[in-house]
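Colleague: So you can see what is in the structure, the chains are spelled out below.
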Amino acid sequence: MSRIRFIEATRHNSSWFEVIQRFSRNKLSVIGTFILLVLIFAAVFAPLIAPYPYDQQDLSRAKEYPSKDHWFGTDNCGRDIFSRCIYGARISLQVGVFAVAMAITVGGILGAISAFYGGIVDDLIMRFLDVVYAVPAVLLGIAIAATLGAGLRNLMIAISVGNIPSYARVVRASVLTVKENEYIEASRSIGASDLRIIFKHIIPNALAPIIVQATLGVAIAILSCATLSFLGLGIQPPIPEWGSMLSTARNYIRQLPYMSIFPGACIMLAVFALNVIGDGIRDAIDPRLKD
Amino acid sequence: MARYILKRVLYMIPVTIGVVFLIYSLMCLIPGNPVQLILGLGSEVSQDEIDALTEELGLNDPFIVRFANYLKGIITKFDFGKSYSTRKPVMKEIMERFPYTFKLAVLSIILSVFLGVLTGIIAATKQYSIFDGLATTLALLGVSMPIFWLALMLILIFSINLNLFPVSGSYGFEYWVLPVATVGLNGAANIMRTTRSSMLETIRQDYIRTARAKGQTEIKIIFNHALKNALIPVITVIGMQFGGILGDTVISETVFAIPGIGKYTIDAIMKRDQPVVMGSIMFLSFCVSVINLIVDVLYSFIDPRIKTLYKTSNEKKGLAKEVSTTNE
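Line by line, the protein sequences give chains H and X.
At position 62 of the first sequence (counting the first as 1) the number is 61 in numbering that gives the first Met the number 0, and the numbers step up by one without a gap.
At position 49 of the second sequence (counting the first as 1) the number is 48 in numbering that gives the first Met the number 0, and the numbers step up by one without a gap.
Think of the hints as simulated: they come from the structure by calculation, not from any bench.
Quantities reported herein were computed from a predicted structural model and do not represent experimental measurements.
Treat the hints with care, since some could be wrong.
[Claimed, not checked] Derived, one-sided and incomplete: chain X residues facing chain H with beta-carbon distance under 7 angstroms:
hint, residue
1, G17
2, L28
3, I63
4, L70
5, L155
6, G238
7, G242
8, G246
Ideal placement from N, C-alpha and C gives every residue a C-beta, glycine not left out.
My request is simple: use the sequences and hints to build the entire structure.
Modeller: This is the structure:
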């Protein structure tokens with residue numbers, strides 16, 4: 000018995016080892032991972048890395064172009080843009096991760112229930128999700144953000160609701176594939192409960208496409224967060240969110256163009272990193288999908 | 000085939016009603032009293048006036064009655080209510096702005112498809128070349144770029160530094176270049192990635208090898224054999240892209256001050272004008288549903304597998320007879 004378990008464990012580990020190996024051979028994904036690690040480091044240690052507090056105003060040095068003292072220059076209130084960009088990583092990554100986590104939890108549960116029970120339950124859930132899916136994500140985000148009002152928590156909810164249908168669909172498709180396997184039948188024959196089968200057997204085996212979708216989803220959530228803040232429906236100043244920084248910078252685009260360049264570049268870098276990591280994981284899990 | 004189209008049209012009805020319900024419920028949750036918004040906060044208004052307006056707006060009725068009346072208005076008269084700020088019918092105001100949004104969306108999708116499909120084909124046929132590397136990297140950066148930042152960068156380069164195009168407005172051709180480029184370039188990145196991967200998959204098929212072995216020219220192979228099949232998934236992406244593009248027009252219109260539905264919506268949110276927000280979001284969602292329906296129908300005409308799936312039994316029998324005669 001223990002020998003069988005050992006073989007199973009080795010096989011399981013080796014398949015993940017192969018995935019990691021394939022992932023590490025993808026240069027672009029490695030670059031993406033490096034960028035993401037730098038951003039996470041910046042987000043966690045922002046107070047230690049940032050040369051100035053994000054809200055420190057120095058009107059005597061307002062509207063200064065990039066220099067040795069202020070690498071990215073200063074904004075209209077004399078705040079250091081480099082420091083604000085570093086703190087911005089904290090907000091964007093936080094919104095991205097939490098919004099996706101919320102969407103995965105709700106979408107995953109709905110998708111799993113839908114696929115597992117099928118029939119009328121499946122129909123009801125999927126038709127409801129079709130309705131949510133019919134509204135373009137940006138517009139739904141705008142509608143929810145307008146209803147709930149500005150703020151970090153509300154922004155996360157606004158972004159996650161629009162993403163629920165896509166996670167539900169991915170989980171549903173994965174569960175439908177997995178539940179036909181013999182080990183599910185075996186588990187049921189020895190009297191395992193539905194919940195145990197879903198959480199112990201189906202979800203862990205249907206995880207691969209969800210991981211890919213989640214990585215790409217964080218990128219989309221960061222973009223949505225910035226978009227809503229840019230439109231004035233997300234994070235409000237003086238909190239240093241990249242999108243809201245760009246919203247302010249827009250008014251100074253003629254006089255202070257650098258104010259628009261750096262926060263946007265930060266968004267692009269974060270989204271680029273997550274996109275290439277997502278692509279890398281997808282190719283590593285299923286090399287047939289490469290290209 | 001007609002059965003498939005009918006099925007899709009019928010399916011759209013409950014989804015559209017569901018969308019109306021979803022958006023209506025969301026808007027009803029917005030805090031604040033519409034009567035106060037219309038009559039003006041803090042202004043001297045008599046209680047009679049407040050009561051009359053409350054009654055007129057149906058705010059004394061329960062939620063479900065209000066929703067039923069709203070839905071009835073849409074179905075029977077295509078009436079989305081009146082704007083709180085202008086007191087004009089929302090549908091009339093939407094229709095005045097629709098040409099701007101339509102123009103922006105259509106020009107953008109033309110640019111995205113042209114640029115995306117063309118670069119996708121070249122990148123796939125010249126895989127691992129410098130062009131392929133450059134196009135793939137640019138597309139990756141394109142999908143990672145926030146659309147409003149792209150808009151700001153285009154303004155910075157082409158309007159402020161090179162003085163080629165105006166910063167905002169919607170008067171002549173030159174005013175549309177930057178807004179269309181903003182939305183179109185973003186969409187092109189997605190279409191390019193799909194076209195490239197779909198083409199790569201297609202050009203490795205046996206029938207392409209056969210065509211090549213028969214001595215067909217490379218151009219003929221690409222356009223007559225590969226592209227026809229490779230375009231099937233691309234059309235799906237284009238359809239999906241249209242929804243995204245209509246969403247993106249909201250941002251492009253706001254940045255470039257184009258008086259379309261997107262800008263109208265954002266302005267209405269700032270004024271808490273619920274009927275306008277509701278009406279415009281529903282209208283845009285309906286447009287997306289109609290476009291998706293057209294794409295699905297188009298898809299079924301292009302993809303013979305779907306066509307066969309929905310062939311009537313008589314047509315199938317005829318097809319089987321044809322096949323058996325050919326075999327004999």
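Colleague: Of all the hints numbered above, which does this structure not satisfy? Sort the numbers upward.
Modeller: Per hint list: 3, 4, 6 violated.
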